[in-house]
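Asker: Chain by chain, the residues:
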Amino acid sequence: MATLLDYCSLVRSKNAGPFTLTFDFMCHDRRTYDALVGTGVLDAALFSALFGTDEDDVMVVNHPSALAVKVSLPRPVVQGDLRDSDHYGGQQYAPLLELELPALPELPGLPTKER
Amino acid sequence: MEFRILAPTGALGAGFDADAFRRGVDAGPHVIACDAGSTDSGPSALGSGVPKLSSQAVSRDLRLLLTARDELGVPLVIGSCGTSGRDVGVDGVAALVRTIAAAEGLHLKLGLIYADQDPARLRALHDAGRIRPLANAPAIDRDLFARGHTVAMMGVEPIQAALRDGCDVILAGRASDTALFAAVPHLYGADPGLTWHMAKTVECGAACAVPPSANGLLVHLRDDHFDVTTLAEGSRLTPRSVAAHTLYENADPFHVVEPSGTLDTTDATYEAVDERTVRVRGARYVEADGYTNKLEGAELVGYQTVIVGGVRDRVVIERLPGLLPFAKKYFEAKILDVFGGEIDPGTVDIDYRLYGAGAVLAGAEPAAPLPRELGVLITVTAPEQSTAHAVATFVAHASSHLPIPEYDGLVSTLAYPYSPPETDRGALYRFTLNHVATGVTPTELFRTVTEEL
Numbered sequence: 001m002a003t004l005l006d007y008c009s010l011v012r013s014k015n016a017g018p019f020t021l022t023f024d025f026m027c028h029d030r031r032t033y034d035a036l037v038g039t040g041v042l043d044a045a046l047f048s049a050l051f052g053t054d055e056d057d058v059m060v061v062n063h064p065s066a067l068a069v070k071v072s073l074p075r076p077v078v079q080g081d082l083r084d085s086d087h088y089g090g091q092q093y094a095p096l097l098e099l100e101l102p103a104l105p106e107l108p109g110l111p112t113k114e115r
Numbered sequence: 001m002e003f004r005i006l007a008p009t010g011a012l013g014a015g016f017d018a019d020a021f022r023r024g025v026d027a028g029p030h031v032i033a034c035d036a037g038s039t040d041s042g043p044s045a046l047g048s049g050v051p052k053l054s055s056q057a058v059s060r061d062l063r064l065l066l067t068a069r070d071e072l073g074v075p076l077v078i079g080s081c082g083t084s085g086r087d088v089g090v091d092g093v094a095a096l097v098r099t100i101a102a103a104e105g106l107h108l109k110l111g112l113i114y115a116d117q118d119p120a121r122l123r124a125l126h127d128a129g130r131i132r133p134l135a136n137a138p139a140i141d142r143d144l145f146a147r148g149h150t151v152a153m154m155g156v157e158p159i160q161a162a163l164r165d166g167c168d169v170i171l172a173g174r175a176s177d178t179a180l181f182a183a184v185p186h187l188y189g190a191d192p193g194l195t196w197h198m199a200k201t202v203e204c205g206a207a208c209a210v211p212p213s214a215n216g217l218l219v220h221l222r223d224d225h226f227d228v229t230t231l232a233e234g235s236r237l238t239p240r241s242v243a244a245h246t247l248y249e250n251a252d253p254f255h256v257v258e259p260s261g262t263l264d265t266t267d268a269t270y271e272a273v274d275e276r277t278v279r280v281r282g283a284r285y286v287e288a289d290g291y292t293n294k295l296e297g298a299e300l301v302g303y304q305t306v307i308v309g310g311v312r313d314r315v316v317i318e319r320l321p322g323l324l325p326f327a328k329k330y331f332e333a334k335i336l337d338v339f340g341g342e343i344d345p346g347t348v349d350i351d352y353r354l355y356g357a358g359a360v361l362a363g364a365e366p367a368a369p370l371p372r373e374l375g376v377l378i379t380v381t382a383p384e385q386s387t388a389h390a391v392a393t394f395v396a397h398a399s400s401h402l403p404i405p406e407y408d409g410l411v412s413t414l415a416y417p418y419s420p421p422e423t424d425r426g427a428l429y430r431f432t433l434n435h436v437a438t439g440v441t442p443t444e445l446f447r448t449v450t451e452e453l
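These protein sequences, in sequence, are chains A and B.
Residues in the first sequence are numbered from 1 upward in steps of one, following the UniProt record's numbering.
Residues in the second sequence are numbered from 1 upward in steps of one, following the UniProt record's numbering.
Just so you know, these hints were derived from the structure itself, not from any lab.
Quantities reported herein were computed from a predicted structural model and do not represent experimental measurements.
It is possible that part of the hints are untrue.
Covered, in the sense of this in silico footprint (three residues per stretch, anywhere, with C-beta under 8 Å from a C-beta of chain A), are these stretches of chain B [unchecked claim]:
no., stretch
1, 25-38
2, 352-361
3, 422-432
4, 443-449
For every residue, glycine included, the Cβ atom is placed at its ideal position computed from N, Cα and C.
This is chain A alone, in the form it adopts within the complex:
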């Protein structure tokens, strides 16, 4: 097994305006990007369960030029409102780092991780 961190060189969450939370999963290289997209793990159902939002409101976009998977959803609390604990949305990705994923495919002559 591997974790999301084995696939990604950067995982981040941010505001996309005060009403939308957005996640960027930037992969190490083309191989990890293809493998991550291939798992289909980063889907609407996962984020719906984590953030209590309707699956139809979760947008998942694959961006091959950036080697990134992007997920956006309505902010559970509007930025800056009374119960908002993360005004920049900067730490909402944290539980996903431990997400268990299939082991990365081995490539002859290449290390399995490129940090």
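With chain A held as given, fit chain B onto it using these hints.
Answerer: Just chain B, lined up with the frame of chain A:
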């Protein structure tokens, strides 16, 4: 055809390297543009009118920009002045410009574009069905506009009108970040897909560089591509880092919506020219059916007093989550007693955040960690600061002596790092709008005044 656009920094007042900026100036740009605002700092700047960054920091950057503009004789465009782009923010930056111009002996025509919206006009637009919600917009009512401040976000057109009027320095209120960079090439007929993609790429300055920085970028915009170059020593651009910038603080990297249409980067390509330059092609700009201006609003929620404490005793840590609901009930009765029934406890919000036990995540913490130390943030929010403060004093007192069933006698349950433990935080604001005004001309929601310095 070639337009050279200099983006010296992602935010006026964030600071940038003067040598890197000099390299950009030496390249002979046709325009210098930068953004001075954001909603990302929260609703406070829009609600209060107080900028995020200091006048000292903004003046430092502004002096470099104004003297370079004077040397080059090209326009300087600054958008979303004063963080929120409120009128008071434009006036604040204008005052700094006047001071610097006088000190440096600079002469220029200054254009100020105001974006504050009259509540009565907004209500009329609302009643006419011409305010449309965007994704995840909150519900609004027709009285909302009178309760807070609203700005409209301008596109390129008010800026272009000021350019045509001969303005050398344009200080815009709330403006689309991209419009600041797109205004000049768009005015002279550059390809709209390339223009808007260029603008989206540079709007944060060198945020897309490796490593990211507050320093600047230079663009050469030509007929069928643009080249973007990082100006700071020791920084690189890669096709991937430039492509990835469309992801940043943006829900959909392939469709970036502007007042006049949508930038579609689906077919864009990115290729390395050298270590510092990436060549970009292929984006399209699709004009919208009707012009819209986004509206941003903020209103006062109340006033806050905060208390910070900590717990180290594991028995207290285990008991605390159960004790807090009881404490809140006790405080309701206490509010009635202390204020003689004149304050409705329902108007006072008392909130405990347990840092170390799931305070940060918006979603449910999958497996809340049990810490050896627990941070406790207590926030009291009330209609007046004096009420918030008065309530906070007895909340702090009672919270440090919560009854722990395992212990006999008076227990001390919280470690306070400050005396007094209460800090008045001032006003709390909330964002009220994620809407657009429809059926408007590109300039009718904005007012421009000019002056000669």
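Asker: Name the hints, by number, that the structure is in violation of.
Answerer: 1, 4
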